[in-house]
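Please build the complex by placing chain S on the supplied structure of chain V, with the hints as guidance.
Each chain is listed here by its residues.
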Amino acid sequence: MKLTFTREDELFRDEVATWLDAHLRGDFAAIRYRGGPGDEHHFVNERKAWERKLADGRWTCIGWPEAWGGRAASIEQQVIFHEEYARAGGPGRMGHIGDTLTGPTLLAFGTKAQKEKYLPGIRAGREFWSQGYSEPGAGSDLAAIRTRAELDEATGQWRINGQKVWTSLAHESDFVFVLARVDKDSQRHHGLGFFLVALDQPGVTIRPINQLTGTAEFNEVYFDDAVCGTDDMVGAPGEGWKVAMGLLGFERGVSTLGQQMLFQTELDEIIRIARDNGAAKNPEIRQRIAEAHIGLRTMRYNSMRMLSGGEDGSLSREAMIYKLYWSSWHRNLGKLAMDVLGPEAELLEAAPYELNRLQSLFLFTRADTIYGGTNQIQRNIIAERALGMPKEPRGQGR
Amino acid sequence: MKFAFTDEQQMLQDTTNAFLSAKADSSSLRAVLASETGFDESLWQTICTDMYWQGVAVPESAGGLGLGGVELAIIAESAGEALLASPFFAVSQSVLALRECADSDAAQSLYEAILEGEIVALAGTSARADWSDVGVVAKHEAGQWVLSGESRFVPYGHAASPLLIAAQLKGSEGASQLGLFVIDAEASGVSVHRTPTMDQSRPMATVTLDAAKVDNAACLSSDAAEALDTVLAMSRILTAADQVGVAQASLDSSVAYTSERVQFDRTIASFQAIKHKAADMMLKVESARSLVYYAACIVDAWYEGSADRSTLIEASLMASACAGDAAFFNAGSGIQMHGGVGITEEYDIQLYFKRARSTESYLGRPSEMREQLAVMLLDGVDS
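Here the protein sequences line up with chains V and S, keeping their order.
By the working numbering, the letter at position 115 of the first sequence is numbered 115, and the numbering carries on one by one without gaps.
By the working numbering, the letter at position 20 of the second sequence is numbered 1020, and the numbering carries on one by one without gaps.
For reference, chain S alone in the conformation it holds in the complex:
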């Protein structure tokens, strides 16, 4: 048993952090947040050529690195810590969806596009705790599929060329008949617009489909319900890793600030009220980190065939609930510890606070995660 990074994983974390501190610092971030797309397209291309994050989870057979949960979580954690505005999460989510839902031939051309730096976004996961209402219906007519409806809160949807669309198959009820489709964002009947968000570091779009037609090959799966549950679980784990980064950065900047700020002739970090709050923040972030690393290991175990779906889902619920709470607690406490400057635009703590808020509800709130766990713990057949 070695529940610690391998040398390669440690190296990945070190190079990721070094890259981010050099290329995505706080001052460049302000310009990115104010831009029309909400991210730095050239930085993403640099990431794709120099860091190859887009290929981390793409199978080796398709030209990727074939790595898994732990490596994705390492990058996501650092991205959260740096407040990185980048399609890394959106693209990773698409890769995870392709691995679960599509056969390798159908996925191949999409993998190739992703490896070349194209942004592929997945529509349908966001802002919900399950797949009960994906917002898009697919109807099979005259030998082709017709997609109609609206998918909201699509990360980087406005920057994506191919879109992956989760849709309910016409005639089916509930989540049992879900399909996954690929459609070009420029295709007839597709409109995508960015929706301005309070947290500007994770831009979102709404995808509207007005009887958009695709051929049969565009249907990557017509029985994707279970696979999409898996994708949702993995997306939560990645989001939770981002939240660990947010929680850590909130703690670090608060300790740094209170160690400089002098009142009553002493640094305010010397007051127990501040020290104890910081200790609670560390407890939160280290706990969330342990659950996220565990969940990331379970993703890898899933790929190796040694973990079942309910273990993966349970892990994702725990990591999501814990990391969501940790990020919000730490960022909120961080503003308080910064005092007056905490509410200024100049200091980053407010940006962490906004990112903690947006990620907290993005794939279901912590209390919803706990309720789903309660169903697993309390409502099953008596053993």
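Chain V on its own, in the form it takes in the complex:
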């Protein structure tokens, strides 16, 4: 049992850090530490330019095979990249979904033609993706989706009708992957297809969702006879669920240590304020700051256990608790920040509703325990899959 990286990995770390230090300068200095969760709507064009800069240095899609422009980086190297990226203050990645979700999905399930059509644009930091899973009636229960895809015999194209929701940055993206029902009489996870859909077309309407933060990273996406080519379905009709679930396994936690690096900067800021304003003398605040510190370190070693686990991609016990752990921790951190600030916590940066970083943290972390599987769903998953307890009974419908 070891906690140290190999010498080769440490050399890789130096290479990443050196490159980032040399390039997060000049025009890109302004976007350091920007564009993370809750701040994703800022500096979009600059962050797209940054993606092209990363691509020049071969730092996009590093986990992909070399044949498709990646570095075939090991899990350890991907962890190191994310860690150094966060340490350097690298901005929120506009290319994240293409790099870590679309790409691996196409590499695993796509045709040669689909790979040739889509992978180069993602790799070059020129084409951006969003994901179309959730629907108004299909949140925690994803298999309840109703968006339909029909093959138009006349044009040979798929026609898509329906609505997706909570689509991050759809208005800044070029494509969306859409899970839709190809067999209109099918139920649940049967009869679905996985489609690659261009967003810039008459059949697609994007409406931002205004959030409690006063910002709008999420969107509703409406499909009214939106079209996509026959060749743009990944897998066969009816295999959509398999493709979608495969995609969820790809990320494998390599970004968790990078995420924790951002969390550390937030905790550091809270500690600095507590020391400055005297909150650090309060016994209750002291307990909570220590608890936050312990929690962050717990996440680190949970991640390292997770990343040291089997290569088969199956989720270990540590992996199953990860989402529940970090989301609850982060939400509590937001409240701790407010309690450290006291009455000052109320004061906005500016009217009408410009939040400072900690206010944004406090409000936006209420989403953390909801998206990507609510805490309640996470507890069901832990109880059923890790502890072997009985599955939830299905309702009989209304």
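Because the hints were derived from the structure by calculation, they are not lab data.
Bear in mind that the values here come from a model prediction, so they are computed numbers and not experimental data.
Think of the CB as a built atom: it goes at the ideal place given N, C-alpha and C, for glycine as much as any other residue.
It cannot be assumed that every hint is accurate.
Derived contacts from chain S toward chain V, CB cut-off under 10 angstroms, selection only [stated by the list, open to error]: (1) Trp-1131; (2) Leu-1169; (3) Leu-1251; (4) Asp-1252; (5) Gln-1263; (6) Thr-1267; (7) Ser-1290; (8) Ile-1298; (9) Gly-1339; (10) Val-1341; (11) Gly-1342; (12) Ile-1343; (13) Glu-1371; (14) Met-1376.
Ranges between beta-carbon positions, derived for each pair [to be verified]: (15) S:Gln-1010 - V:Gly-395: 52 to 58 angstroms; (16) V:Arg-366 - S:Gly-1063: 58 to 64 angstroms; (17) V:Asp-141 - S:Ser-1035: 54 to 60 angstroms.
Relative to the frame of chain V, chain S by itself:
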């Protein structure tokens, strides 16, 4: 990086669990808890001959296996999981103290006694968050040391022959002048009696020293303050590993029980209220396990010279706070999930609950660990 057991460590865990399930099951435990000494002397001798746990952390040069934190934590975790009543912890703590405080010549005869299965107990660590009041004073008079005072909550003190005594050197104030002494439990001026405890699986004794005299060679260290801080940190890590075992067993037995118990025509494990509680218990135990394994790695790094004392202490505070909370939460929740039978003598969950309680306060409560961390995080010189 491989933050997972090596093949050898995995084998140690497997053989430890197999041994415990064969030799220290729940029914034999009841008899042990009711016995006068509170442990099974013959089982300890079997452990010493067949498993060699007493030699795991003894340096190779002294005839031991020369292993470190991870191996001790593996055994301690399994011991907690099995509710093992055994001097393993007490003896390990003494080995750790000898490694930190004594020079190898002075330690050699004690190592030999330990390897032969004798129980050596360390007095002075327990029931406190630091060394500010060890309860024993050592005075140098007429070419020898005179020890007076009382050391409470000494694990297996009543079963030990040599005792290691942490004592404040006469004339010094605070924790800066601590010494470590060895004294025979039968020596004049030494009296030891077992103090009956609510948790019977970890028997304790009080050691009283009434002007007990030892020669200069019995003073293993006259400047042991920092070394004893290290020993305390390591003891906390071992205790935390025990707590992980308690937390895991509490979860497992609760899942098993609720999966059998039927009410309203369904197993109660099918209720979300139960499932979500079990999920929270798993979150607690896996988190504590991650911190304990980390801390155990830091013990090894300390021995290799690649971790400093404050890193070790920080690791021990985190592991102790997290595992102490996890054990108590899981055992307490476990009783609730067992319903009525949870409060009966027949079911083991009450024994885990008692062990969770005793270990929680044994080397400082979780809130005290967090306060010590807060000092490190908040009260230092501004960087």
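Against the structure, the hints:
Evaluation of the S:Trp-1131 hint against chain V yields a violated restraint, the C-beta minimum of about 21 angstroms exceeding 10 angstroms. Hint on S:Leu-1169 is violated. Least Cβ distance to chain V is approximately 33 angstroms, over the 10 angstroms limit. Because the closest C-beta pair between S:Leu-1251 and chain V is about 8 angstroms apart, less than 10 angstroms, the hint holds. This hint holds: S:Asp-1252 has a C-beta 9 angstroms from the nearest C-beta of chain V, less than the 10 angstroms allowed.
For S:Gln-1263, the shortest C-beta to C-beta distance to chain V is roughly 13 angstroms, which exceeds 10 angstroms, and the interface hint is violated. At a threshold of 10 angstroms, the smallest CB-CB gap from S:Thr-1267 to chain V is about 6 angstroms, leaving the interface hint in force. Annotation: S:Ser-1290 was flagged as interfacial toward chain V, and the flag holds, the nearest CB pair being 4 angstroms apart, inside 10 angstroms. Nearest Cβ of chain V to the Cβ of S:Ile-1298: about 8 angstroms, under the 10 angstroms cut. The hint holds.
Interface hint status for S:Gly-1339: violated, as the beta-carbon distance to the closest one in chain V is roughly 16 angstroms, over 10 angstroms. The closest approach between the C-beta of S:Val-1341 and any C-beta of chain V is roughly 19 angstroms, which is over the 10 angstroms cut-off, so the hint fails. Annotation: S:Gly-1342 was flagged as interfacial toward chain V, and the flag is violated, the nearest CB pair being 18 angstroms apart, outside 10 angstroms. Given the 10 angstroms rule on beta carbons, the hint for S:Ile-1343 is violated: about 23 angstroms separates it from the nearest Cβ of chain V.
This hint holds: S:Glu-1371 has a C-beta 6 angstroms from the nearest C-beta of chain V, less than the 10 angstroms allowed. The interface hint given for S:Met-1376 is met, as the beta carbon of that residue sits about 9 angstroms from the closest beta carbon of chain V, less than 10 angstroms. Between S:Gln-1010 and V:Gly-395 the beta carbon distance is about 44 angstroms. The supplied range of 52 to 58 angstroms is therefore violated. Look at V:Arg-366 against S:Gly-1063: about 60 angstroms separates their beta carbons, and that is inside 58 to 64 angstroms.
The beta-carbon spacing between V:Asp-141 and S:Ser-1035, approximately 56 angstroms, falls within the hinted interval of 54 to 60 angstroms.
Consistency note: the structure conflicts with the earlier hints numbered 1, 2, 5, 9, 10, 11, 12, 15.
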